[in-house]
Every structure is written in C-alpha cells, then in structure tokens.
Amino acid sequence: MIDVKISAEPLDITTCIMKTTDTECGGIAIFIGTVRNKTNAKKVIRLEYECYQSMALKEMKKIAADAVRLSGIKNITIHHRMGILHIGDSAVVIAVSAPHREAAFDACRYAIDTLKKTVPIWKKEVFEDGEVWVSAHA
Amino acid sequence: MIDVKISAEPLDITTCIMKTTDTECGGIAIFIGTVRNKTNAKKVIRLEYECYQSMALKEMKKIAADAVRLSGIKNITIHHRMGILHIGDSAVVIAVSAPHREAAFDACRYAIDTLKKTVPIWKKEVFEDGEVWVSAHA
Amino acid sequence: MKTTILTFGIAKEIFNGASKEMNLKDGITVAELKNSLEAAYPEMKKLHSYLIAVNNEYAEDDLVLDSADEIAIIPPVSGG
Amino acid sequence: MKTTILTFGIAKEIFNGASKEMNLKDGITVAELKNSLEAAYPEMKKLHSYLIAVNNEYAEDDLVLDSADEIAIIPPVSGG
Chain A
1 MIDVKISAEP LDITTCIMKT TDTECGGIAI FIGTVRNKTN AKKVIRLEYE CYQSMALKEM
61 KKIAADAVRL SGIKNITIHH RMGILHIGDS AVVIAVSAPH REAAFDACRY AIDTLKKTVP
121 IWKKEVFEDG EVWVSAHA
Chain Y
139 MIDVKISAEP LDITTCIMKT TDTECGGIAI FIGTVRNKTN AKKVIRLEYE CYQSMALKEM
199 KKIAADAVRL SGIKNITIHH RMGILHIGDS AVVIAVSAPH REAAFDACRY AIDTLKKTVP
259 IWKKEVFEDG EVWVSAHA
Chain V
277 MKTTILTFGI AKEIFNGASK EMNLKDGITV AELKNSLEAA YPEMKKLHSY LIAVNNEYAE
337 DDLVLDSADE IAIIPPVSGG
Chain G
357 MKTTILTFGI AKEIFNGASK EMNLKDGITV AELKNSLEAA YPEMKKLHSY LIAVNNEYAE
417 DDLVLDSADE IAIIPPVSGG
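Residue numbers (our numbering), protein chains in the order written: chain A, 1 to 138; chain Y, 139 to 276; chain V, 277 to 356; chain G, 357 to 436.
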C-alpha cells in the first residue's frame, strides 16, 4: 500500500500509523519532522511551506514506489503539511511497515533523505528580524 | 528525558510520541513492534509475554542512557507491553527525538536491536496446534 | 514561442509572481532557457543551484522545449 | 546455603514453578550453579543458551554466590 498526501490541515499521526499497520508486518518505523524553535541559535517564529503540488505528489509517489522496490517493505505512508506552521507542528510524517524491522528502518530513512533532496517543496523560516528561504543560497 | 515502562495495559502510541516531542528537536524516529499473524507460515493465535520486571526495567534504562550517551539524542521513550497480545497489538513502542534525524534513527534502531538481545522479556507463541517459547531452543 | 514559466519559493520572489509569460525562441533547450533567465533576472545566479522541471519531471540541459510544455523553475528544495 | 532461584519463560516450565528453593554449597560459583542445575534438570542442556542474573545483573561464570543474592535463570530472551 502506498499512500501519499499533501495537506493544508494538521497531519494526523495516528491515521498515518493505522493506514500503515499490517498484520503480516512485525514492525513499523515512523519518522516525524517537526518545527524546531531555533535555527543556528536564532529563534524561529514560524515556517511557511509551499510546493509545486502536481510534481511534488509525483516525486513522493516515486520515493514510495522505490522504497517498496528496493527494501521489500509492504506499506508506506508519506504525508506532508503545507502553509503556515508553528513551533512543534509536524511538517512531515513517514510511516513504513515491513515483515522485518531492518527493511522498515532502511526504507523510512531512505524516504525522508530522498524527500529532502528531490521533492519540490520549499520552506521559508521567519525570524524576529527577517525571513529566509531555507537552502536557497550557498 | 528518559521514560521507560512495562505495562499490562495496551500501549498508547500518541502518549509515547507526545512525551518525546521537544521543540529543540527537529525529528522523531519511532519503532512500533506489532504481533504478526504468522511465524514461518504458521498461523499465530496469540502471544503471551512475561518478564523479570526489576531487571527488565534496569536493562531498558541502560539502553536508554546508552542511546543518549552514544548518539547525542535528547529524549527516548521505551514502553513494552506484558500479558496476552493478539494479532496487530503493539508489543513495544520506542520513540526518540534529536536535533538531527540521523541520530534519532540510529538511536531508535540501537534501542530495539539491544532490547531484543539483553532485556529479560520472553514471549510464547501460541499456534492452533501447540505453543513455543520464542528462541528458547536452537 | 510564447510560454508560461511557473516559479516557486525564492524564484517566485525574484520573478515577482508565481508565473511569468515569456517569449522564447523556437527549439530552445533547457540550458539556453537558464541563460535567458539569468540574463533577465541576475538574482538567479546567486542561488545555490536551481533546476528546470518540464511536465513535472526534472529536465536535462539538452532537452528541447515545446510551447505545450509545463515549465517550472525549481530552486533548492527544502521540504521535510 | 539455602537460596531461592527465580525462573522465567521456558525455565519456569522446566522447573515447574516461578521459583525454586535450593540447597547450594557455600562459596558456589555461577559456573558450578549451572552444572548443578543441569544435573538436576537435564532439559536445561537443550536450551539454545541461558544466563544467570545476580541482583538484576548478568553474572560472569566465576562470580561467587551469596545466600543474600537474588539469583535468576535467564533463558534466551525474546522481547520486542
């Protein structure tokens, strides 16, 4: 099962886990990316996420399909939040189930690492004294 | 923060995640071990868990402390269920938060791998035609 | 050929809008498009890197663009 | 010395109870205890492996036991 979603609403972690649970799988590995209160010691007020939605969904589906193909996992859910996020909010949830836990961990890590490299999603960090598009400049 | 628990009641995954969430941490890695419907193609009816509680808690605390020391993570929650579990029930939940996701993944994996080797907890698999203490014999 | 370029993130700010009508020469490649963009918007050269997506796929420099293509500027991504 | 051995998992079944009163010679080591256990309960030799815990810690073979120690038989663990 592959479930990929981009949502303007808060992510529901329990739903992601329930969708991914499988009685043939003994383990679920989950990664939740949350908004930190600081970047390089500077206080973060909020993050603003935007995406190129059609392409982002396509890239997320590729990651999910590759994770299934490469790791032998059975189910993967990738949900990413859009819009304005505050400290502690979940930006991304990735849940992976597999008969064996090694594959679930490998695939979960592969998915978040690759998402950060290839999926057209951008975040702007808003500080007290300005804002910056993350990674835009060297 | 280290939180270690052995419980006869169903594990509350949301609570484990909330306890582990930290505004200084950008990522949470979670592992949930669930009861599979089959072992080597044999249908599993239920699992029965028991433990040497005082020593199990001590070993779980060691794992948590080592995870903090070795990986530089900030928070780790390890909850293990006892008693009779049915297909799909969660036997163990490990949640780890860290400023960076690599450490969270490493520590989560270290914790479940080590728990399975050192913590005095035992499970009996009950099949339609018999039962077996897992790993007891070669 | 006349085409619309989609922009996101910092590129949206550099282009001052989420999409930009542009007149491009017929048979233009991705590499040539990048040169045109950088000539018209020098701020683009200050980015750490950026890619062009054509029809929702990352495009190689030698790809020839068509007026029917959906073309987008992809500045460094930062999801997760 | 008189002591109580705690047993778990399959060891509980082999010993037919969660704890067993045993008379051990004074100054007995963990290795000697294992020999005594295997002599009295040959089923123990069929286990994949097992360890002795003393006061909630895994014990080395040469540790000398005291009547005040909490001694437990730890068959192969299978948590998670």
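Hints in this document: simulated from the structure, not taken from any laboratory. Ideal placement from N, C-alpha and C gives every residue a C-beta, glycine not left out. Treat the hints loosely; a few may be bogus.
Residues of chain Y clear of chain A, computed beta-carbon distances all greater than 12 Å [stated by the list, open to error]:
1. Ile155
2. Asp160
3. Gly164
4. Ile168
5. Thr172
6. Lys196
Now the in silico label distances, taken between C-beta atoms and shown as ranges [said to hold, decoys possible]:
7. Y:Arg184 - G:Thr360: 23 to 33 Å
8. G:Ser392 - Y:Gly268: 50 to 60 Å
9. G:Ala424 - Y:Val264: 35 to 45 Å
10. G:Ser423 - A:Asp12: 55 to 65 Å
Evaluated hints:
1. Ile155: 6 Å, violated
2. Asp160: The assertion about Y:Asp160 is violated, with a minimum of 8 Å to chain A.
3. Gly164: Contrary to the label, Y:Gly164 does not stay out of reach of chain A, its closest Cβ about 4 Å off (not over 12 Å).
4. Ile168: Violated, since 4 Å does not exceed 12 Å.
5. Thr172: 6 Å, violated
6. Lys196: Correct as stated: the minimum Cβ-Cβ distance to chain A is 24 Å, above 12 Å.
7. Y:Arg184 - G:Thr360: 23 to 33 Å: 31 Å, holds
8. G:Ser392 - Y:Gly268: 50 to 60 Å: 31 Å, violated
9. G:Ala424 - Y:Val264: 35 to 45 Å: Holds - the Cβ-Cβ distance for G:Ala424 and Y:Val264, about 38 Å, lies within 35 to 45 Å.
10. G:Ser423 - A:Asp12: 55 to 65 Å: 57 Å, holds
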